[in-house]
Amino acid sequence: MAGPFNTSAPANTCSPVAIAKILGIETEFGIAGGPDQDPITASSIIVNAYAQRGVTHINWDFEGETPNVDARGLADLTAFAPVVETQLANTVLANGARLYVDHAHPEYSSPECRSPLEATRFDSAGEAVMRQAQRVANGSLDPANAITLYKNNSDGKGNSYGCHENYLVERSVDFTDIVRALVPHFISRQIIVGAGKVGAETDHSRAIRPDFQISQRAEFFEEVVGLETTLKRPIINTRDEPHGDAERFRRLHVIIGDANMSQYATAVKLGATALLLAALEDQGLRGFPVMPRDPVRAVRAFATDPSLSTTVECEDGRSLSAWDLQDQLWHVAERYVTASGGGAVAGADEVGFLLTQWRELLDGVRDDPMTVADRVDWVAKRRIVDGYRERYTLAPDDARLHAIDLQYHDLRPDRSLAARVGLRQLFDATAIAEAMLEPPPSTRAYFRGQCVKRFPDQIAAANWDSVVFDVGDGPLQRVPMPDPLRGTASLTAHLFEANSTAIDLLAALGG
Amino acid sequence: MSEQERIQKQRVSRPTESVADVSVDTTKGEQLKADLDDLLDEIDEVLEENAEEFVRNYVQKGGE
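Chains as they are written, first to last, in the working numbering: chain P, 1 to 511; chain G, 1 to 64.
For the record, the hints were derived by calculation from the structure and aren't laboratory data. Ideal Cβ positions, reconstructed from N, Cα and C, are used throughout, including at glycine. Warning: the hint list may mix true and false statements.
Unchecked claim - Coverage of chain G stretches by chain P, computed from C-beta distances (three or more under 8 Å per stretch; other residues unrestricted):
1. 38–51
2. 55–62
What the hints assert, rightly or not - The calculated label-pair distances, taken between Cβ atoms and stated as ranges, are:
3. Ala34/G x Ser500/P: 58 to 64 Å
4. Arg56/G x Thr356/P: 39 to 45 Å
5. Arg56/G x Arg424/P: 31 to 37 Å
6. Glu45/G x Asp174/P: 24 to 30 Å
7. Glu30/G x Ala395/P: 26 to 32 Å
8. Asn50/G x Pro35/P: 17 to 23 Å
9. Asp203/P x Asp37/G: 15 to 21 Å
10. Leu231/P x Asp37/G: 28 to 34 Å
11. Glu30/G x Gly347/P: 50 to 56 Å
Claimed, not checked - Simulated pairs of lysine-lysine, DSS-like, Cα-Cα distance not exceeding 27 Å:
12. Lys157/P x Lys61/G
13. Lys232/P x Lys157/P
14. Lys232/P x Lys33/G
Extracted from the complex, chain G is given alone in its bound form (with noise of 0.2 Å):
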């Protein structure tokens, strides 16, 4: 089954979903948006300043 037919069976199979229930999912959405944007802004503050060479520099040997 696609994402998109399981999301459309999940519709069909939930018809009495208020319309309260969207209006609320919207505002959440926007808050996680912004919460986003954020959170992007104190990663830029925190990330290695030479990720490339940060990346390419952790090499482990194999454990276990």
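With the rest of the complex left out, here is chain P (with noise of 0.2 Å):
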């Protein structure tokens, strides 16, 4: 197919410049209740209250109950193209993310991003979507049967699923780079983005009797570089799926990081990972702290120690602490920035914003965590856990601590905490839910998005690098995307106003 999604050439694979930093977040919610209780059945239930709601169009006067802004959104929620891909709920929304069951989980997994910031916001309209379908699901349901959705990443029974970031990474990158460039970062960073949790849940970890942990995380991961994301979990996932041209990208899939309820925790934790990335391919590895001698130990240790004293020897024979790595790896970016703008992460203004919030983040888990409680998950859910227990004079393993913690995570509206610790907000409820309903204007999520809200009943499926049309007559016409950069609005919105049917939009494609 022709028009705006031709590969380009590649503009000069070897360039030291960096490539736009599209990126995104995908979430398995944690799910209880449902009919019999069993979760794939609850996970399918939440996947098609949202889609079916909209198509159905049935029950408008439930809008009555809501507020405005998600009546707008009920208003518009006629997109939903079906992916043939597993028997279970699947389906495509018209912000371009993708909303389906995965194992025993309902997934939001966002529309390619052009920005941290924008990821923040897509990645906020997925904890709306899950919210929205929640209620909508229990509308429904018997109430002994209502859903309840938690944006966590364990049980605090061993069971742990997962929060995954992704990035487009140019693929002449070494590797082994990556390795050495992200190892120290992704043991390190949770002492700003981990989302905290009472006790421990794994073998080694509970011999630590920690009575809090920084991150959800950590003590799963069990090797430095690996494929798996269930077992023996890896702190580099070396899944090589580009969803593009695998000649020229690489999407790097990050699964050690917490779901973050704090909006300004995920803008740093995407900002952070994706400027430093950008400083590898532009500059190298150097200026990147050595490796810690074993980071599977290290990333265990600095989570079961929320005074952040804890130090491990690296490959120098240095001993640094979280701490040490992550104020290096800020100068690693400051520097990036400094010398080329920051302009495949984001605009000047927003690198700035970035930086600086993760350098007050990382200064104020040191100087005084009550200054950044209102941004860092772990303090914020450490200030309530501590408050409530000296209150009430409880045992650190006491049954309300735990719920507690599940409760910071809970999305329903008047059982959640998260939403009563006085986190600060990036997006209003207006930002966040317009990006339930249009797909950000700058990859190729805005041409399925557009695609989807369109011509929903002419998608016969729809997946991260295509578009397939049945418009009835003559074989199926896959519309291929295998460069995130392009059907961006800049180069396809005018083919959307010149074109109000989907036939007519393949002709203009295929002309």
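Assembly of the complex is requested from the two constituent chains, each provided in isolation within its own frame, with the hints serving as guidance.
Right, here's the structure in full:
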């Protein structure tokens, strides 16, 4: 197919200029309740509740019970394309995201975004999608079977599920360099973006008997590099599935993050990692910290020490704390931005904001954690856990403290603790509601979302790198999108304006 | 470096911090404590009544 999706000639694959850091987050939500307490059934109900709400147009009076921003959402939920891929519920949303059942969890995979703040807004939109699905599903379920969703990463009993980040990386960058650059980052960034956890749930971390850990996920990691995501989880995942032109792109699939309730934490998590990848592409390994000798032991040890005083031995013999590693990494990013402007990651204002926030959170957790309790999830959670424990003189493993931990991530508005601890917001409800319905303009997600929104009945399937049309006569027509940077509003908005039917659009693309 | 040592080091490296900052910090500290008390009251209202059962029943299958 011709038109805006041609893979253009690679512009200097050896160029030192970093490629645009297209990025996104996929989150598996914890789920409880549902008929028969079966998580797969409950997850399917959640996905279908969101999708069929719009398809059927029934129960419009339900809108009266919801805030206006959600009414806009309901009014426009007409656009869903099925993805014929698995037996389980699986949809593409009008904002370009994927909403589906993954194993025994409902999962929202955000659309590809052009900057960390944009990806943060679409992550928040995912939360809003899940909240709306939860409300719609429970509107028709027996209250005894009500479904509850949690944006967290473990059940406290040794079972973990993921919040994965994806970053577009230049294929020519050596993978061993990615490992050297990012292992120190992935083991240490938890001190500012960890979501916090009461207690421990794996044998090795339980042996340390921590009252509180700064990360949900850290104790589940067992390897430095590997392909697995569920067993022997690696700090660096080697899955090589670019969802695009494999000659030019790598999609770095990051499985070691916590799902954040704080929008600031999400933004800094994405921003710091994107800046470091861009710095690596631009300047190589210059300035990056040396590797700790035992990264797996280090990531677990850092997690179990909220005082942040733990140090680990590095390959050059020095002992460094997680804070020391983050400090050095921040300077790598700062030098990269000074030298290049950081345009691969975001515009100048946003890059400046991300660097400043990264710095503030870092200094805050060292100097006075309470100053960042409005942005760092583990600090916000620890504040209420410690406060509650002291108020009632509870044992560190009291069920009420575990309940506070769980309810921090609760998506029910009347139960959510994250909604009550005073987290600073980056986006208001209107901006988030818009991101539930409108795709980001600067990636191929724009084309996918617009197709789903405008021609839901003519789309046979869609995935990350193509949209398949069924316009009635003849074979299905696939529109390939191998380049995440094409299919944008600036390249295709005029096509949607000029062509009101799928047939016309395809003709325009083919011509 | 222990937490204690680190705090001392910071104090040494920032000799110019004024007394005024300290008083602001005290006020802020009291404000934070008052805020926390209110927050804990609110948590008492929304926390699941049977915390033990609530926590015990939350069992997930691993994902990813």
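Checking each numbered hint in turn, tell me which of them this model violates, lowest number first.
6, 9, 10, 11 and 14
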